[in-house]
Amino acid sequence: MAQDIRLDALWRKFCDDLAEAGEVLLREDAPKTALDQAEGVRYLSRLTRTALNMLVDSSDPDFPRLFKLADDKIKIGADNPDNIYEQAVVSPDREYRLTVRPNGCPYLSFGTKANRYATEGTMVSTGEVELGELMPESDGSYVIHVSRTPREGNRLAMSDDTTLLIARQTFDDKNAQEPAEVSIERVGEGPADPALLTPEAIETQLLGAAQWVRGTANTFADWSEWFKGEPNRIYEGDQTVFQRAGGDPKIWYGHAYFELQPGEAWVLEAMPPECRMWNFQIDNWWMESLDHVHQKVWINGSQATYEDDGRVVIVCAEEDPGWGNWVDLAGHRTGTALWRWIEAEEFPVPQCRVVNL
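So for the sequence shown, our numbering puts the first residue at 1; every next one is plus one.
These are computed hints drawn from the structure, not numbers from a lab.
Nothing false has been slipped in among the hints.
Cut-off 20 Å, straight-line C-alpha distance, at most; resulting in silico cross-link-like pairs (PhoX-like, lysine-lysine):
id, residue 1, residue 2
1, Lys174, Lys68
2, Lys228, Lys32
3, Lys174, Lys296
4, Lys296, Lys73
5, Lys73, Lys174
Fair warning: this is a prediction, and the values are worked out from it, not measured in the lab.
All chains should be built: construct the whole structure from the sequences, respecting the hints.
Quick look at the structure:
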């Protein structure tokens, strides 16, 4: 006869561990305005939602499930408003098949990662491919083998510590361009059916989710504090830290922290290099993209208007100043921002200044 057990202590520990993530709201450098603190609490709730989806409902690498770690309501680490992100939990001792129909997606890349946000705040790449590097099938679709060992044909590599697969779709206009269709399946050895849930499994999943929320929140709070040291300018240091956090190696990331007084605007200027795409976005202190569904809080190379000499001028302000490309501060006097050059050969650092309007 099976022994009766109670798991209420596990639930309480999960809740207690999760509550510790709230300490990020008390950081000395964290903004104390009503808007910023409310966004911070909402941010933690969003991280919790996506952590539970990833580590409870989508955590079986034998039955991989593509899910959206970030979308227009869940925002993490300066998520790109021009992107659709899809992830799947994978294991390096398994092999997988990705099937892709690009449709109207202009830029599509795949990466495998060692997801250590819970412990180290990193998501190091273990393999990367971009669709333009691959050979299509006769019907225009693509089949990509995901494996630790070499395979003939299109392959996305894994390593011994791979735990996550990421698909990034980047658009000029998400409302007008049709997204790609991506599916994943395990191939080769593995169980025929998912295992029944055990107390040990749900303990690992729940406590891992709480740890991931704390680790992720603290990682990007560290970044905001780091960028705050040089406000209103683009960080010009080594890109390695951004790649180790899960960034696409074909993208240059220009992070920044802005701090403005009433009536001030933050102006950025750059001469775009030859590149596949570029964009710029305003984020809050928690490094969430803002409400890009309803507000003009970002701009990309296809949407922008240019000066006669080819320069692009971006004006971050409370209201449209009537010149340059306006990006709405959306109620924020402080926050973070990110400029991306995608597949560029050179990486000019945008020049910044604060002006009175």
